[in-house]
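S.K.: Below are the chains, spelled out letter by letter.
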Amino acid sequence: DVKVTQSSRYLVKRTGEKVFLECVQDMDHENMFWYRQDPGLGLRLIYFSYDVKMKEKGDIPEGYSVSREKKERFSLILESASTNQTSMYLCASSLATTAYGYTFGSGTRLTVV
Amino acid sequence: SQKIEQNSEALNIQEGKTATLTCNYTNYSPAYLQWYRQDPGRGPVFLLLIRENEKEKRKERLKVTFDTTLKQSLFHITASQPADSATYLCALDNNQGGKLIFGQGTELSVKP
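Note that the protein sequences, when read in sequence, are chains B and W. Going by the working numbering, the letters in the first sequence line up with residues 1 to 113, in that order. Going by the working numbering, the letters in the second sequence line up with residues 1001 to 1112, in that order.
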């Protein structure tokens, strides 16, 4: 079974803190993705990576950065957390082509106070 | 502009009936269209993929159709059960190297 593991299910952080969300996959997938999901807005792509040390901006990258030093790990960084970054964050991985589905993690519910 | 649209209103059906969910898209030319199931507070789970040259795909009680002329996919669950209650998301690629664009999802509720 492919597994995508997100380090925390729930997280509460203060405004201005630097926040790290970690994601690890165990199936040697090339692609990894970070989405946020908000009611009424659906899943929105923040960043994705198709190889180690490679990254591309998604639709809403402002206020975020990412790191992929190893193939299995993709980290999302909130440089200075703000209340409008309160959301459900979902990590996903896939093979190099969309001929196969994504495997998602269970999500991290982040609250910024 | 580019859009993916799913029924925003929840779909309520009786157990045993067939549920049909719709996904329409505008100004995309997808090579694939995918369907996912999402339970509250969890990540989406991949269900089915259909290619642009396929009209229909089946998996157990699930059936997906893909009409590239109408720019529409239909997702059917036959003999529905209360355990099928969830939000169902459609997603398509846009020939942009592995990225999927997701619809907002339709919530399905199956009553016993």
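Just so you know, the hints here were simulated from the structure itself, not pulled from any lab data. We put the beta carbon where it would ideally sit given N, CA and C, even for glycine. Don't take each hint at face value.
A partial selection of chain B residues facing chain W, derived with a Cβ cut-off under 10 angstroms [what the hints assert, rightly or not]: (1) G16; (2) Q37; (3) G63; (4) C91; (5) F104; (6) S106; (7) G107; (8) T111.
S.K.: Each of the hints needs a verdict: does it hold here or not?
M.R.: Verification of the supplied hints:
Taking 10 angstroms as the C-beta contact cut-off toward chain W, the hint placing B:G16 at the interface is violated, the least distance being around 27 angstroms. Below 10 angstroms, beta-carbon pairs count as interface contacts, and B:Q37 has one with chain W at about 9 angstroms; its hint therefore holds. For B:G63, the interface hint is violated, the least distance from its beta-carbon to any beta-carbon of chain W being 20 angstroms, above 10 angstroms. Contact between B:C91 and chain W, as hinted, is supported at the beta carbon level, the nearest pair being about 8 angstroms apart and thus within 10 angstroms.
For B:F104, the interface hint holds, since its Cβ comes within 10 angstroms of a Cβ in chain W; the closest pair sits about 3 angstroms apart. The beta carbon of B:S106 is positioned within 10 angstroms of a beta carbon in chain W (closest approach about 5 angstroms), and the interface hint is therefore held. Against a cut-off of 10 angstroms between C-beta atoms, the interface hint on B:G107 holds, since the closest Cβ of chain W lies about 5 angstroms away. Annotation: interface hint on B:T111 violated; nearest CB of chain W at approximately 14 angstroms, more than 10 angstroms.
Hint check: violations occur at hints 1, 3 and 8; the rest are consistent with the structure.
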